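Visitor: Sequence:
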Amino acid sequence: MKITKIEVLKVKTTRPTWRPVFCRVYTDEGIYGDGEAALAYGRAADAGFAAVREFAGLIIGMDPLANEVIWEKLYKTTFWGQNGGPVIFAAIGALDMALWDIKGKYFHAPIHQLLGGACRTKLRSYASQLQNGWEYGEDNYACQTAPEGFADAARKAVAEGYDAVKFDFFEKKPGGGDFTAEDRRCFVLPKDLQTVEDRLAAVREAVGDQVDIIAEAHSRMDAPGAIRYARILEKYNVMFFEEPDTPTPYMTKYIADQVNIPLAGGERIYGRWQFVPYFEDRSLQVIQPDLGNCGGFTEVKKICDMAHAYDVSVQAHICASALSTAAAIHLEAVLPNFVIHEHHICNRITYNMGLTTEDVQPVQGYLEVPMAPGLGNEISEKAYRMADTLSVVE
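Reading the sequence shown from the start, the letters are residues 626 to 1019 in the numbering used here.
If you're looking for bench data, these hints aren't it; they were derived computationally from the structure. These numbers were taken from a predicted model, which means no experiment stands behind them. Note that the Cβ used here is the ideal one computed from N, Cα and C, for glycine as well. Careful, some of the hints might be misleading.
What the hints assert, rightly or not - What follows is a set of in silico ranges between Cβ atoms, one per label pair, in the way DEER data are often shown:
id, residue 1, residue 2, range
1, Arg780, Gln819, 30 to 40 Å
2, Gln819, Lys1007, 41 to 51 Å
3, Asp882, His933, 18 to 28 Å
4, Gly742, Gly802, 42 to 52 Å
5, Asp936, Leu1015, 40 to 50 Å
6, Leu690, Gly742, 14 to 24 Å
Unchecked claim - Quick list of in silico lysine-lysine cross-link-like pairs, DSS-like style, CA-CA up to 27 Å:
id, residue 1, residue 2
7, Lys627, Lys927
8, Lys860, Lys816
9, Lys878, Lys860
10, Lys747, Lys730
11, Lys781, Lys747
12, Lys816, Lys797
13, Lys878, Lys926
14, Lys798, Lys781
15, Lys860, Lys798
16, Lys878, Lys630
17, Lys630, Lys698
18, Lys701, Lys627
19, Lys630, Lys701
Kindly generate the complete structure, drawing on both the sequences and the hints.
Guide: In structure tokens form, the structure reads like this:
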């Protein structure tokens, strides 16, 4: 079997800042596989699209089942592959995801079976980014500012069966508008810390002691402010503190040594080599690699196995289309060190729905592990119609 053609598409949604990048890899045996470069948000979709298209040209004619051979070629022969960042690893990851989809279809098996077999049939999930509310809709980013708004979003998620919720308590000012970089810098003003604590206290009171709360910082703080923030989180038995500052091993270690709360990170750490220092210094207790921008199944499974040797748990990062959700479910199903699955609010927004043939939502806070061959999900015809850029590589 050989790779004959690869389609790369960038989808234009009704939200200008949400631009999913997909690829479809075709073979001479009629089997195709789908992948995603998880760079839909931020300012990297165009670069991701271009990188997937350029890398695609390197694997035409190769055996799609030889995922290790292809992965090594893309990493070692592209010059920028080694020690690459999100764009490089997203390009490799999208193609690798599609190759595993092909492999599953070829062997008539779900990807989790090919990865070693599922340890579980369903995944505990948490409702993610509830500072934006927890509704279905076209543009449901109803950013909360008042403590009661935070509490109400948490109640809605718990009413749906979730027993874990995640917030960035330090995103919007009480009167509206974003907290600035200056607001989050250095030691952080006491009044701003009080705002954070008021919101967190309201959520804890609303959900009780049997629901886990996860706190997110989006790497917007520096170490002194993150430490002061973490000491507030400790008082409310927060499950873990995600991306407290810019991901660097030495500063993450510094923060970890000052606080008594597990730290999480990984959505902006790329490849096994970058993860090694965090394992060796024990600074992260939960890693969050993203299959769509950290090298796909071939690479991320290695990272998760390395983490297991250090008793580090895994929660795959997911903020993309339902194709990436499907991929993460397969990965997390097989990991002994899996902790919880992220169900991001982007999965409940209509402009991100219908881009794949399945839009799976948790039931009572749990996601079922699929049994269909490959990913069990595909790029939809709607996504192809919505593509503002489509490139065919042969």
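Visitor: Are the Cα atoms of Lys701 and Lys627 separated by 27 Å or less?
Guide: holds, 21 Å
Visitor: Please verify whether Lys747 and Lys730 have alpha carbons no more than 27 Å apart.
Guide: Distance ~22 Å between Lys747 and Lys730 Cα, so the pair holds.
Visitor: For the range 41 to 51 Å, tell me whether the beta carbons of Gln819 and Lys1007 fit it or not.
Guide: Holds - the Cβ-Cβ distance for Gln819 and Lys1007, about 46 Å, lies within 41 to 51 Å.
Visitor: Between Lys816 and Lys797, is the straight-line Cα distance small enough, at 27 Å or below?
Guide: Roughly 14 Å between the alpha carbons, so the hint for Lys816 and Lys797 holds.
Visitor: Does the Cβ distance between Asp882 and His933 fall inside 18 to 28 Å?
Guide: holds, 23 Å
Visitor: Is the hinted pair Lys878 and Lys630 satisfied, with a Cα-Cα distance of at most 27 Å?
Guide: violated, 45 Å
Visitor: Could you say whether the range 42 to 52 Å given as a hint is met by the Cβ separation of Gly742 and Gly802?
Guide: Taking Cβ atoms as reference, Gly742 and Gly802 lie about 49 Å apart, which means the hint holds.
Visitor: Within 27 Å, alpha carbon to alpha carbon, are Lys781 and Lys747?
Guide: Holds: Lys781 and Lys747 sit about 22 Å apart, inside 27 Å.
Visitor: For a C-alpha distance cap of 27 Å, please report whether Lys860 and Lys816 respect it.
Guide: Measuring from Cα to Cα gives roughly 18 Å; hence the hint holds.
Visitor: Within a Cα-Cα threshold of 27 Å, do Lys630 and Lys701 meet the stated pairing?
Guide: Distance ~22 Å between Lys630 and Lys701 Cα, so the pair holds.
Visitor: For Asp936 and Leu1015, compare the CB-CB distance with the range 40 to 50 Å and indicate the outcome.
Guide: Check passed, 45 Å falls within 40 to 50 Å.
Visitor: Does Lys798 pair with Lys781 here, judged by a C-alpha cut-off of 27 Å?
Guide: Holds: Lys798 and Lys781 sit about 22 Å apart, inside 27 Å.
The structure fails to meet hints 1 and 16 from the earlier list, while all remaining hints are met.
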